[in-house]
Each structure stands twice: as structure tokens, then as C-alpha cells.
Amino acid sequence: MRRYEAVVIIEPDLADDEVKALTERYSDLIKSQEGELIKIEDWGIKKLAYLVRKRDKGRYVLFDFVSGPTLISELERQFKISEHVMKYLTVKLDEDVNLEAFKAGGPAGETAPEVSETVETAEEVSEESVQSSEEPEADKEA
Amino acid sequence: MSRPPRRRPFPRSKVCRFCADSSLRMDYKEPNLLRLFITERGKIVPRRISGNCAKHQRQLTTAIKRGRNIALLPFTVPRR
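Protein chains in written order, with the numbering used here: chain Y, 1 to 142; chain U, 1 to 80.
FYI, nobody ran anything at the bench for these hints, they're computed from the structure. Where hints are given, some of them may not hold.
As a list, the in silico DSSO-like pairs of lysine-lysine whose alpha-carbon atoms are at most 30 Å apart [claimed, not checked]:
#, chain 1, residue 1, chain 2, residue 2
1, Y, K54, U, K65
2, Y, K57, Y, K39
3, Y, K47, U, K29
4, U, K29, Y, K80
5, Y, K20, U, K29
6, Y, K46, U, K14
7, U, K43, Y, K92
8, Y, K57, U, K65
9, U, K55, Y, K31
10, Y, K80, U, K14
11, U, K14, Y, K47
12, U, K43, Y, K80
13, Y, K39, U, K29
14, Y, K20, U, K65
15, Y, K92, Y, K39
16, Y, K46, U, K43
17, U, K29, Y, K54
18, U, K29, Y, K92
19, U, K65, Y, K46
20, U, K43, Y, K57
21, U, K65, Y, K92
Given the structure is predicted, the values throughout are model-derived calculations rather than measurements.
Kindly generate the complete structure, drawing on both the sequences and the hints.
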């Protein structure tokens, strides 16, 4: 089992309950594949550093979870299908997580996840640059 | 006419900020920290200027690139 983190940018004008439904769908998906959800963080609506789908704002939601590698492709497929997901990024935080040990220590003390996070072994699982290629014409300096 | 080779001095902080302060964590989710290490045009500040050590510069680069991917940091800042 591996520990992953997925940041998803959802359209900013989506109503709160719709966002909730959307995040619920993804967390259900994670759980359905024997994944263990650690936390969901809603960062609220933030300004984007560049336009994505001609919008300059987006709602950031972070999923922190433990799962096998096969879940990721399915999860990202779902992200791609959804019209409301503007952009996403999945990062592997930890290569080898023992789920049983994690569950035992997980809910009781929040220290376990923190420790593994400092281990900077994270590798990009995938970087989706849906929009980025046609983003601002690279340096117009000359 | 040959000019004497002259090293141009550049302002440099001597120590790696991440080594000096271990509480600083490299994280693509913290754009405000990473912003210190990109120029106003959005480029990553080279090591010789920022004074980072090699290890932390590497971590910094991946963090910045991840941040760019998820629109927390700009790829470029277009000129007005």
C-alpha cells in the first residue's frame, strides 16, 4: 500500500452541496478499492496563478489517502471525466505503508502521517498538464 | 584587447535557508514560501543566487514544478 495525496481544482461556481457530493463520490471510490482515506481538506476558493479553462479562480480540495497503485489510474480517469474538475495532481508521499499498523496508529495519534510526510521520497505519480501546454505563450522576452 | 577576467560579484546568502532552519519544509502546497525562490517573471532562482545547498535546491525545484502544475505558482508572468 502507498500513501498518496491528490489535489483537485473544482470549478469555483459550483454550489457547496455539489462540491460535497463530488468529494463524496471520490472518497467512496477510494474506499471501494480497499483504500483508506486519511483526510479531505477543503482549501476554499483560491486565485489561480494562471487561467485554467478561462477562469482565474478555483476551489482546491485535497485528498490524503492510502491505497494500492491501481486505484490511481481509476481515480484520475474519474477526474478527467468530470466536467467540474478543472485540474488535478496526484503525488505519492510514501512508498510502503502498512495499512494495519497505520489504522492502529492513525485515528488515535495524528503523528503517524506527519512523520511519513517529512520523508521526502515523494515522486510524481502523474502530472496532468491539461491546460498548461497552451498556457501563456512562453517568455516573450526577446 | 583582452580584458582581465573579472568575476562579477553577486549578492548571495551564504547558507542554505533550509539547512539553517529545519522547520522549513519544502512543500508544493505552500506557495508563499516557494515564491521567495522564484523571480518576478516566475523563473526558479538559481542556486548561486539563493545560496541553497544542492539537496534542497533539488527538492525546491520539484516543489515549484508541482506548484506550477496545480496553478499555485505561475509558469510565466506575462509582461504588462
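Verification of the supplied hints:
1. Y/K54 / U/K65: holds (21 Å)
2. Y/K57 / Y/K39: The given pair, whose Cα atoms are some 23 Å apart, holds under the 30 Å limit.
3. Y/K47 / U/K29: holds (14 Å)
4. U/K29 / Y/K80: holds (22 Å)
5. Y/K20 / U/K29: Distance of about 22 Å is within 30 Å: holds.
6. Y/K46 / U/K14: violated (35 Å)
7. U/K43 / Y/K92: Roughly 25 Å between the alpha carbons, so the hint for U/K43 and Y/K92 holds.
8. Y/K57 / U/K65: holds (20 Å)
9. U/K55 / Y/K31: This hinted pair is violated, its Cα atoms lying about 36 Å apart.
10. Y/K80 / U/K14: violated (45 Å)
11. U/K14 / Y/K47: Not satisfied, since the Cα-Cα distance of roughly 34 Å exceeds 30 Å.
12. U/K43 / Y/K80: holds (29 Å)
13. Y/K39 / U/K29: holds (15 Å)
14. Y/K20 / U/K65: holds (29 Å)
15. Y/K92 / Y/K39: holds (15 Å)
16. Y/K46 / U/K43: Answer holds: Y/K46 to U/K43 is near 22 Å, not above 30 Å.
17. U/K29 / Y/K54: Status holds; Cα separation ~23 Å.
18. U/K29 / Y/K92: holds (14 Å)
19. U/K65 / Y/K46: It holds: about 19 Å lies between the C-alpha atoms, which stays within 30 Å.
20. U/K43 / Y/K57: Within the cut-off at roughly 22 Å; holds.
21. U/K65 / Y/K92: This hinted pair holds, its Cα atoms lying about 15 Å apart.
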